[in-house]
Amino acid sequence: MRIIIVGCGKIGTTMLSSLVDEGHDVIAIDDDPLALQKISDIYDIMCLYGNGADSDILLEADVKEADLFAAVTGSDELNMLSCFLAKRMGAKHTICRIRNPEYNDQSLSFLRQQLELSLSINPELLAAKEIFNILKLPGALNIETFSRRSFEMIELKLREDSPLVGIPLSGLRQKYKASFLVGVVRRATEIHIPDGNFVLQAGDHIGITAPSSEGERFFKMLGMLKKQARNVMILGGSHTAYYLAKMLLSIGTRVIIVEKDHARCKEFSEELHGAVIIEGDGSAQEVLLEEGLSSMDAFVALTGMDEENILISIFATAQKVPQVITKINRGALNSMASGLGLDCIISPRKIISDRVCQYVRALQSSDGGEMETLYTLMNDKVEALEFIVSESFPHKNVPLKDLSLKHNILIAGIIRGRKTLLPAGDDCIMANDHVIILAKEQRVTSLMDIFK
Amino acid sequence: MNRSLILFFTGRLIRIVGLLMLLPLLVSAIYKENCFCDFLIVIILSLILGQALVQFFKPKDSIIYAREGFIIVALSWLICSALGALPFYISGEIATYTDAFFETVSGFTTTGASILTDIESMSKGLLFWRSFTHWIGGMGILVLIVALFPGVSDRSIHILKAEMPGPIMGKLLPRLKDTAKILYLIYLVLTVVEIILLLAGGMSLYDSVVHAFGTAGTGGFGIKSDSVAGYSPYIQWVITIFMLVFGVNFNLYFLLLRKRFGDALRSGEFLCYFGIITVSVGVITANIASMYPTIGESFRHGAFQVASIISTTGYATTDFDLWPSLSKAVLLILMFTGACAGSTAGGLKISRVMILFKSAKRELSKLLHPRSVGAVKFEGKALDNTTLANVRNYFSLYMFCLFGLFLLISFEPMSLETNFTAVISCFNNVGPGFGGVGPVMSYALYTPFTKWVLSFAMLLGRLEIFPLLLALAPATWRKSK
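Those protein sequence lines, which keep their order, are chains A and B.
Counting with this note's numbering, you get residues 1 to 452 for the letters of the first sequence.
Counting with this note's numbering, you get residues 1001 to 1481 for the letters of the second sequence.
Don't read these hints as lab results, they were simulated from the structure.
Glycine is no exception: its CB is placed at the ideal position from the N, C-alpha and C atoms.
Warning: the hint list may mix true and false statements.
Below, simulated EDC-like cross-link-like pairs (lysine to aspartate or glutamate); rule was C-alpha separation at most 20 Å, straight line [to be verified]:
id	chain 1	residue 1	chain 2	residue 2
1	B	Lys1377	A	Asp56
2	B	Lys1171	A	Glu65
3	B	Lys1381	A	Asp54
4	B	Lys1259	A	Glu60
5	B	Lys1181	A	Asp161
Calculated from the model, a selection of chain A residues having no Cβ within reach of chain B, i.e. all distances over 12 Å [said to hold, decoys possible]:
id	residue
6	Arg2
7	Gly23
8	Gln37
9	Ser40
10	Gly50
11	Met305
12	Asn329
13	Tyr359
14	Leu421
15	Gly425
Throw the hints in and build the complete structure from the sequences for me.
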């Protein structure tokens, strides 16, 4: 597909790098020639220098031929204007990054309708939602939900005393009668899609799929269930912090936000009722200790600096805060941070590229069923995808054991109406089912891709 | 330095050169010439060698950085020339390897300088190969590889940047591969159109194809000792126009394809190119009017020679060495400017000359108004300092190389004019010079040493200096610790 991206900041670059990997023709527009120079040396794309809301530039980028137009600069207004122009000039679909909370309330749907946006993305809001999910189920490293919140993909790390260690997977299900499925295991750098004979070891990162209602029972069974975090400290007054605080306050959590900028603090104190806003430098350890860091249930580092987030998170871990969540934007730092003992890492970068790839692949896929959700797990090596099975799907009503799936593909869950199934050999895929697929190191665009 | 990647790429290239020789093989088969076997030997040799390199040097890391890009380009051109020279040498039609190498470098770099004194006695297959090297070298061998091969590398942009002439490299389409394909497609279509027009003028198919190759690559190898002087005025006009056409930036043709006529015509470089041609033809026609029976004929000769020199082709319809000094001076200057960037022509390129001129003008106004702020604009966009510095440094390097090469060949007992224009002509990939290397003369008189120097000059000029100098610099090859 032909895709135009306006804005080559962190979000734009992440998007274009994953889109180029997916094999699309990408044109990038930015008003910073140096940024473009850097990008054009690394990625095989066309770069245009200029303002993305300038119709001459859009004309030069051949916007009328574009299948997708994404405006992801830091300025919401510029994004909206360029999406509006692009749509008027003939772009088929538009994606607009809208991050300002003022636009992200009721006015959003009006905006989307008026500007004919196909999708509006808000990286900060998505990141906040993901953090919120994790805080609700402490102990998990990452939780992704599939449609209607009926299925969850939970990532966690096995400790030595975990009851899952040392038993083949086939034995697990009988022993615990819990309905969950270990879909993917990362041991050191190796990634496995395990079969029944696979034995888990301490230190493994595992990804399990389970119906949402089972998640809590699962953790109880593991002896890992802790109470939902009641006291949360957030470092850095970013948009993400704002959205997160708002969600946490709505379920009655105590929130402390530490931010050094006075104006930002004032803004927050006006908008977030009930939160404690501390004006102070979060990198100064006394400030955090004074505010009772060691008695917190969770600590979330959300400053704009990856390095600062990492360092303070290490400090918080040393203070025995039970749950430490670190926001890291740069991919290279991500693996370094996990080497430093930070397990729970949120990367807005990854969230965005997941969201955009999902959207783009959904545009492409036609046969077999529509793609509903896409997540990447385990350092982007594994994809979890959700498809809605169409009437025309050829393998419907065939028992799974009779289907020949490709190597490294697992059907991890089926959602049928309000029921959730963990598939066994005798189950069938039926029309209108939602099917959850795990795929290791391959690109799945349609449901047909998983069959040999 | 990723050696296995470089060798892997080189292997691919050698295979391609082998495959490209199938075409002259076919020609020699049609004319039932002895050189058939010679081509066959070289093809088999290069396929085996290329395959071996590709097999043994599968790179672990296939990212091409700027450095690898430069080295790949420089090495590729050297190897292509070395391989391409083999058929001439093996067949014995060119006696020494030095001469064969000179001739092939001259072909690939689209110079058109020849050491052959008796062209008509050469076999048709070899002459075809000689002209075909122009066609390949014009657009670039590696551009062809990028266009044809799947999954070369995401970063092959560095290869294209090193091989495509001109100060600024613009992509036409988001993907490098598609850009390379469309460039070759435009190139191919224009060549075919020229062949058809030449055939319409009563030229034989073989002659048309060979001349179209020479024009398209802006090379200038003819198959007659009097170049194209013996052909009809119609054919000379067709060649004139096509020499100019191939001197235009190919991006313009792409714009035309996209029906963006306004943008194409507003191109500053194109207008400047057109202006220079008009003025030069005017001056020369007036200057040589007394030498030819009709003004029409002077105009034809003037236009042909201007087109031939500015596009750095090097065909001739008349011995312009006999022209008055003014006309020769104009031609000499045109050798330096060359045609547009992004075309198949050599020389400094009009865009560079324009940028240099504007930047000098800016310097002058800065002296008048020391506090004034202004930008050097090109094609409607202000140039950043990196590009400006690059153009200026390129020019100084260009002059240094010219001086160096000139000194190196000044051991020859020729006149200053001969030596000087030989260097200028080779360095700018034109072909003929004045005096002893004039349009009706050849480079055969030079010693082998000078021929190697001039071969080097042609490669330097075609690859725009940097890649070759980098490949020769010891620091590039030193193992990093």
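Hints, verified against the model:
no. : hint                 : in the structure
1   : B:Lys1377 - A:Asp56  : 18 Å, holds
2   : B:Lys1171 - A:Glu65  : 17 Å, holds
3   : B:Lys1381 - A:Asp54  : 15 Å, holds
4   : B:Lys1259 - A:Glu60  : 12 Å, holds
5   : B:Lys1181 - A:Asp161 : 60 Å, violated
6   : Arg2                 : 7 Å, violated
7   : Gly23                : 10 Å, violated
8   : Gln37                : 8 Å, violated
9   : Ser40                : 7 Å, violated
10  : Gly50                : 9 Å, violated
11  : Met305               : 29 Å, holds
12  : Asn329               : 22 Å, holds
13  : Tyr359               : 19 Å, holds
14  : Leu421               : 40 Å, holds
15  : Gly425               : 39 Å, holds
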